[in-house]
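Could you put together the complete structure from these sequences and hints?
Number of protein chains: 2
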Amino acid sequence: MRKLFFDLAYTLLAAFLYAVTLPVLILFSFKKKYRHSLPARFFGVKNPPFAPHDIWFHVCSLGEAKAIAPLVERLGEKRLAISVITHTGHEAASKYAAQVRYLPFEPWLWFWIERPKTLVVLEAEFWYLLFRLANKRGARVIALNARISERSFPKYYKMRWFYRRLLAECDRIFCQSTEDMARFIALGARNVEVVGNIKLAQKIESTRSYPKPDGTLIVAGSTHEGEEEAILEAFAAYREHNPEAKLLVVPRHPERFGKVAELIVQRLPQMVLSRWSESRSVGADVTLVDAMGELNNLYAISDVAILGGAFKPIGGHNPLEPATFGCKIISGKEIFHQRELFKYVSHVQFVESEEIASALVRAEKLPPSQVEGSVDLGRIVEFLKTEKIT
Amino acid sequence: MRKLFFDLAYTLLAAFLYAVTLPVLILFSFKKKYRHSLPARFFGVKNPPFAPHDIWFHVCSLGEAKAIAPLVERLGEKRLAISVITHTGHEAASKYAAQVRYLPFEPWLWFWIERPKTLVVLEAEFWYLLFRLANKRGARVIALNARISERSFPKYYKMRWFYRRLLAECDRIFCQSTEDMARFIALGARNVEVVGNIKLAQKIESTRSYPKPDGTLIVAGSTHEGEEEAILEAFAAYREHNPEAKLLVVPRHPERFGKVAELIVQRLPQMVLSRWSESRSVGADVTLVDAMGELNNLYAISDVAILGGAFKPIGGHNPLEPATFGCKIISGKEIFHQRELFKYVSHVQFVESEEIASALVRAEKLPPSQVEGSVDLGRIVEFLKTEKIT
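Chains as they are written, first to last, in numbering that gives the first Met the number 0: chain A, 0 to 389; chain B, 0 to 389.
These are calculated hints, taken from the structure and not from any lab test. Watch out, some of these pointers could steer you wrong.
Stated by the list, open to error - Among chain B residues calculated to face chain A with C-beta under 10 angstroms, some are:
#	residue
1	Val23
2	Leu26
3	Ile147
4	Ser176
5	Thr177
6	Ala185
7	Leu186
8	Arg238
9	Glu354
10	Lys384
11	Thr385
None of the values given here were measured: they were computed from a predicted structure. No residue lacks a Cβ here, since even glycine has one placed at the ideal position from N, Cα and C.
So, in structure tokens, the structure goes:
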């Protein structure tokens with residue numbers, strides 16, 4: 000009874016906020032970025048409740064939608080449903096064999112949630128009515144890859160009267176680290192288990208195998224505008240020290256292939272350049288990889304990986320890929336989008352553009368980068384597949 | 000009644016362990032390192048209870064004994080008592096105007112603790128009977144600079160039935176960080192406050208001021224056997240790039256002054272060497288600082304500090320000192336004794352011996368190191384001075 004009273008008060012407050020922000024919501028619905036998500040989430044446009052399903056994943060956006068890939072694969076026989084918050088999340092989730100919806104704003108959930116069995120909520124997607132109504136209507140609620148950052152904890156702790164209620168609706172919390180575990184318990188959660196970060200379970204494999212050439216092979220992966228210059232210069236300097244070294248340049252965006260080819264000819268006129276699309280080999284001094292989907296295949300035969308998107312403020316690219324194949328990684332320092340994953344990769348050299356040449360020399364003595372840290376995905380799959388509703 | 004039962008069971012268990020380890024204790028009492036501490040702690044030799052006092056600090060060893068210096072100073076009008084565990088802690092504590100004792104092993108505490116008013120326990124010195132008996136006999140018990148490491152937390156959490164009891168005896172827990180706060184609360188503690196690390200309150204000041212010379216001044220502080228060679232070599236290389244640079248070498252141990260002087264003459268024959276004890280100036284190319292107590296005065300006028308004790312496995316030296324004076328810090332990587340303090344210092348370059356020269360070049364563009372992080376010492380002093388026994 001007291002719970003119901005709280006639920007109603009919460010719903011009223013949310014509905015009030017909804018009413019107040021309505022003009023802004025309508026305005027933003029015209030923006031391209033929000034064109035689908037806002038009408039779906041706030042006005043129910045093209046967003047009916049899920050048809051019957053076994054497991055419902057709620058993710059936020061692109062990152063979490065991709066992170067559940069290994070789970071989706073191993074839960075193949077179940078009927079899956081996925082709710083998302085953002086447009087990019089919707090796009091990524093739509094690639095799975097699953098029903099995909101936008102998660103309606105909270106007060107709508109009273110009319111939207113229908114007989115769920117298992118709700119799995121990713122990361123920090125803590126919505127009180129989502130947890131409460133799913134639980135009330137028969138689902139077990141599981142928080143997966145759950146985390147509370149050091150920075151957020153004091154804020155959450157001040158609101159502990161609220162989070163205690165919210166977390167009480169959770170049947171199980173699988174969190175990323177013992178740090179997160181302590182924070183959840185401090186907020187009053189029970190049934191907390193550390194299983195690791197599920198992003199470590201992403202499948203990284205090569206699709207084709209190429210012969211490994213003689214001499215040191217360096218791959219500059221996912222490079223962006225303004226990064227190739229420094230890499231080419233560093234390679235030229237490094238060649239004086241190691242004349243057998245070869246370089247592969249893999250620009251991130253295909254529309255830049257032509258431009259990068261010109262850049263190579265211009266900056267390294269004395270070297271032999273080949274294009275991957277013509278030669279399909281790494282015999283030349285410098286090879287421009289003007290093809291998509293080859294990066295992991297090339298990491299697999301390379302000694303050193305210079306990881307792009309981090310020498311300019313792009314945010315970095317996935318370091319687990321080169322680390323999985325035992326490349327010695329050299330990265331720029333602008334890794335703000337990938338910081339979480341870099342935590343699990345050892346022996347990376349983070350350098351400025353002008354230090355790439357000396358990092359190449361240093362790499363000779365360094366051990367290959369490797370992925371440290373693990374996740375007990377089996378434990379999660381087993382739990383999702385077999386445990387009964389409590 | 001149930002509490003008394005637990006206390007007696009705990010005491011019996013401790014007494015049993017005491018009886019079992021007695022032969023080992025007697026044997027170790029002959030070792031130089033334990034000659035005073037073991038007989039005092041386990042056999043009551045020269046270790047009477049404290050005479051009446053206002054505030055009783057319990058510290059473990061050297062580090063914590065030094066850390067309370069700013070508190071001891073600001074609590075000058077109070078009668079202080081300090082208990083320690085180790086010999087080095089005893090030595091450091093004996094420098095304060097306070098009674099100093101070794102903390103007896105737990106069962107003895109029943110006969111040893113007399114009418115305390117306030118017990119302040121440092122860091123992770125969690126002894127159940129100490130907390131319990133001090134509390135029972137009228138003291139408020141305060142944990143200061145309290146911490147539980149990420150690594151220890153899971154162990155503590157498994158024993159939470161015990162730690163919940165222990166922490167319940169604590170009137171206030173002043174901890175180092177929000178990380179520690181979450182862990183203490185997860186273990187069932189109440190009255191937890193984050194005030195920061197009291198080691199950040201240590202007084203760092205120069206005692207004399209010297210004129211700052213023209214050109215870049217580099218000070219190699221607290222260098223150890225086997226470290227000067229690489230520093231001199233790096234300085235020689237750096238001079239080609241910056242001919243105005245000057246170097247001060249401050250060996251950690253006075254007995255090595257002569258040897259280091261020889262080393263400088265031998266390795267840098269083309270440079271002018273002076274000895275601080277003779278010149279008291281930094282005019283020469285290289286100055287050997289063969290004097291004690293000048294390090295902070297020299298940090299105060301230097302641009303770059305190469306911090307010794309970290310290029311060999313010594314464990315590092317205090318980085319707060321050069322950082323306080325705005326030096327650009329270059330350190331080795333072997334900082335295992337100082338890791339905690341390095342956490343609070345930004346922009347430090349951690350390099351191998353052979354990279355010191357390039358670190359010197361890079362230092363030109365880097366901002367000065369600085370101390371980030373603070374401690375609310377006023378809050379602690381106010382609490383210790385004014386709050387009543389609850």
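| When the nearest CB of chain A is found for Ala185 of chain B, is that gap smaller than 10 angstroms? | With Cβ-Cβ at 4 angstroms, under 10 angstroms, it holds.
| field | Restraint check, 10 angstroms cut-off on beta carbons, for Lys384 of chain B near chain A | value | Violated. Min distance 27 angstroms.
| said: Min Cβ distance, Val23 of chain B to chain A: is it shorter than 10 angstroms? | reply: violated, 34 angstroms
| query | How about Leu26 of chain B: closest beta carbon in chain A under 10 angstroms, or not? | reply | violated, 38 angstroms
| field | Given hint Ser176 of chain B near chain A, where the shortest CB pair must fall under 10 angstroms | value | holds, 8 angstroms
| Interface hint outcome for Thr177 of chain B [beta carbon to chain A under 10 angstroms] | This hint holds: Thr177 of chain B lies near chain A, its Cβ roughly 5 angstroms from the closest one there, short of 10 angstroms.
| task | Would you settle whether the hint for Leu186 of chain B is holds or violated, based on the nearest Cβ-Cβ distance to chain A being less than 10 angstroms? | result | holds, 8 angstroms
| With a cut-off of 10 angstroms, does the beta carbon of Thr385 of chain B approach a beta carbon of chain A closely enough for the hint to hold? | violated, 26 angstroms
| Status of the hint placing Ile147 of chain B at chain A (closest C-beta pair under 10 angstroms) | Cβ of Ile147 of chain B sits 8 angstroms from chain A, so the hint holds.
| message | Next item in the hint list is Glu354 of chain B. Is there a CB on chain A closer than 10 angstroms to its CB? | response | Cβ of Glu354 of chain B sits 8 angstroms from chain A, so the hint holds.
| request: Against chain A, run the beta carbon of Arg238 of chain B and see if the smallest gap drops under 10 angstroms. | output: For Arg238 of chain B, the interface hint is violated, since the closest Cβ of chain A sits about 20 angstroms away, which is over 10 angstroms.
Hints 1, 2, 8, 10 and 11, counting from the list given before, are not met by this structure.
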